[in-house]
Amino acid sequence: MAIDKVVRSGGAVRKIFPILQKYQGLVGLVLLLLVALFDTPHTDAPGALFHSVFFSVGNLRNVLGQLAVPGCLAIGATFVILVGGIDLSAGSAMGLLNCICATWLVHGASTPLTIAYVLFIGTLIGSVLGAIIGFTKLQPFVVTLAGMVSLRGIAFVYTNNANISGMKDQIAFFESPWLGIPIAGWILLLATAAGTVILAKTVFGRRVYALGGNSEAARYAGVPVDRVRIGAFAINGFCIALAAILFTARNSNGQPSAGMGYELDAITAAVVGGTALVGGYGNVVGTFVGALFIVCLNVLLILDGVSYYVGQGWKGVIILLAVYLQNLGRRV
Amino acid sequence: MKLGLWACSAFAAIMIVGCGSGDSGGSTSTTPGTTAEKPAGTTAGNLPLVVFSQANSADPWRQQFDAETKAAAEANKSAFKFEEQAAEDDPNKQISQIDTLMLESPKVLLVSPAEMSVRTAIEKAFDKGTSVILLDRGIPGDKYTVHIGGDNVEIGKQAGEYIAKRLNGKGIVLMIQGKGGADATNDRREGAMAAFKKFPGISVIQGDDCKYQRQAAQSYMETFLQTGKPFDAVYAHNDEMAIGAYQAYDHAATKPKTKPIFVGVDGCQQEVVQMIKDGKLDATFRYPDPGPKGIEVAAEILKGNKPKDKKIILPTELVDKSNADKYLAAHPGLAK
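So the protein lines, in turn, are chains A and B.
Those letters in the first sequence? Residues 1 to 332, by my numbering.
Those letters in the second sequence? Residues 333 to 668, by my numbering.
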């Protein structure tokens, strides 16, 4: 490929490319915002920059409200991918936790207790999956595929194959705005910050990168490989539980079928945000940007009246492009 | 530097093509005006905006629903602009789509909710002063302008009575179930069960949940035929499953001596009507498509005529060998 040669030979390119690559999600987002500038419906509502519906206050709230659930899932997925794993069970786990959360609230359990319980179960599910991978030495793909199937089944059994409705608005406050942004959006920002600190500033974080980079080398260097993997999956489970709570607040019911396919959206956000699927490379800020990119793309396509299915086609192209650009850099 | 430019411009090109291709490719907008050169909006052009949030566009009934809604909107294009989005039956996705569509300040929101939980977004839109027309599935409460749909209990009842009469009040009915928990499934079952109760000679086998899918019904029926249990009629909660069940029966090595009666619901596919004409299936009951009526009501609302009733029930129709040709002629929009 011509581009490959340019990367290999060009001196200036050699320096700029890693930077471009590191911030590829951001570059994509900026380009998307530029397109939005010229290509969205106009409005005369106050507070809208450039008289564009896309840059209105209402849309900021809209985007961050939509971002919270996929964003939390994507942050969890980033940890798992960083240790060289993958989690196909995230969508099913979120569906089950959504049902648990709704059931507890419908039966009158206190809100803090319900939230704590859902977070606990989520973390537990993640830890168990991580432990099974360590114990059986099976591929994370296979173990979490099994988790995806089983957890979905459990969700249907748990709810007796029916939606859980009749929730009062105990957790509706997650949807209400604080300083113009829904509280769910603030929680996502908080989770992103916490994820960044864990990865950049703790011993555990450095071990996560070491394990994903080369698990054999990490083992010989004295990294407790199994425990780090369980930790990463536990954090993923915690993030899934967080997403499930926010999902419950948004939908105000429990659906055993909730979250189908969300695990792939989460992986997409991480990949677009620059996380390498082979592990060991990436961070949660990139993932946040990746998830934001995808939500902004969805919103822009709707505002432009483009059919959902056409949008899906383009999303595939973007994923390919993102991974291609990453691999280019690695071969330099 | 060259590469940076290359990558940037490639990305930009893709994005622009992606957004611009909407109108030529798969856009559901019926009026031009959403291209990059001519941004459409609430103030550009003086036509009011009508938006439609569809639960999904996957099954044949929805495809016919989409096609007829689009055609009705096209016929009204001098009165309003029309945009549609489909949500893959994911209520969370549908909430996001409605929230986003509402940013364009439409005058009327048509919505066919994937689940009851979409009501959060619907009620927000209604509170903003938008007229809300619910199509097919409803939501609890009264925060909507009008609900247009068929009556699945009535359809179930008529189907049950049809089967009981064809069997002369005596026989075994195998009921192939639609997606568990869905209102349509419960109503089509309960309506039929109420009808069967009037005929003491009729007994019912509650078949599996085949999720309204042809493939699932076919697999289920293949297994059921293996057991050798007798049955005289198959009542499937939709036509796709009736077709699946018939195909399994058709290919089976061991089957009942007399051909059982096959009855479905929906009547939205040419294929089904053809199979009825060929004598493969016996009858179907049309589940009316609320799209054209919804567009008609939307146009009236824009003229200032709010509908008087909060609920508009569309009648069903029996389709059997005697009226299949007439039915095909009367409904040119049937799915292929």
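Bear in mind the hints are in silico, worked out from the structure with no lab data behind them.
Using N, Cα and C, we set each Cβ at its ideal position, and we do this for glycine too.
Just to be clear, a hint being listed does not mean it is correct.
Stated by the list, open to error - Now the in silico label distances, taken between C-beta atoms and shown as ranges:
| hint | chain 1 | residue 1 | chain 2 | residue 2 | range |
| --- | --- | --- | --- | --- | --- |
| 1 | A | Asn160 | B | Lys668 | 30 to 40 Å |
| 2 | A | Pro177 | B | Asn378 | 30 to 40 Å |
| 3 | B | His583 | A | Leu33 | 32 to 42 Å |
| 4 | B | Asp474 | A | Leu37 | 49 to 59 Å |
| 5 | A | Lys137 | B | Ala526 | 50 to 60 Å |
| 6 | A | Gly316 | B | Lys668 | 18 to 28 Å |
As the list claims (entries may be wrong) - In silico negatives: residues of chain B with every beta carbon more than 10 Å from chain A:
| hint | residue |
| --- | --- |
| 7 | Gly513 |
| 8 | Glu522 |
| 9 | Lys530 |
| 10 | Asp564 |
Hints and how they fare:
| no. | hint | in the structure |
| --- | --- | --- |
| 1 | A:Asn160 to B:Lys668: 30 to 40 Å | 38 Å, holds |
| 2 | A:Pro177 to B:Asn378: 30 to 40 Å | 33 Å, holds |
| 3 | B:His583 to A:Leu33: 32 to 42 Å | 56 Å, violated |
| 4 | B:Asp474 to A:Leu37: 49 to 59 Å | 41 Å, violated |
| 5 | A:Lys137 to B:Ala526: 50 to 60 Å | 57 Å, holds |
| 6 | A:Gly316 to B:Lys668: 18 to 28 Å | 26 Å, holds |
| 7 | Gly513 | 5 Å, violated |
| 8 | Glu522 | 15 Å, holds |
| 9 | Lys530 | 28 Å, holds |
| 10 | Asp564 | 28 Å, holds |
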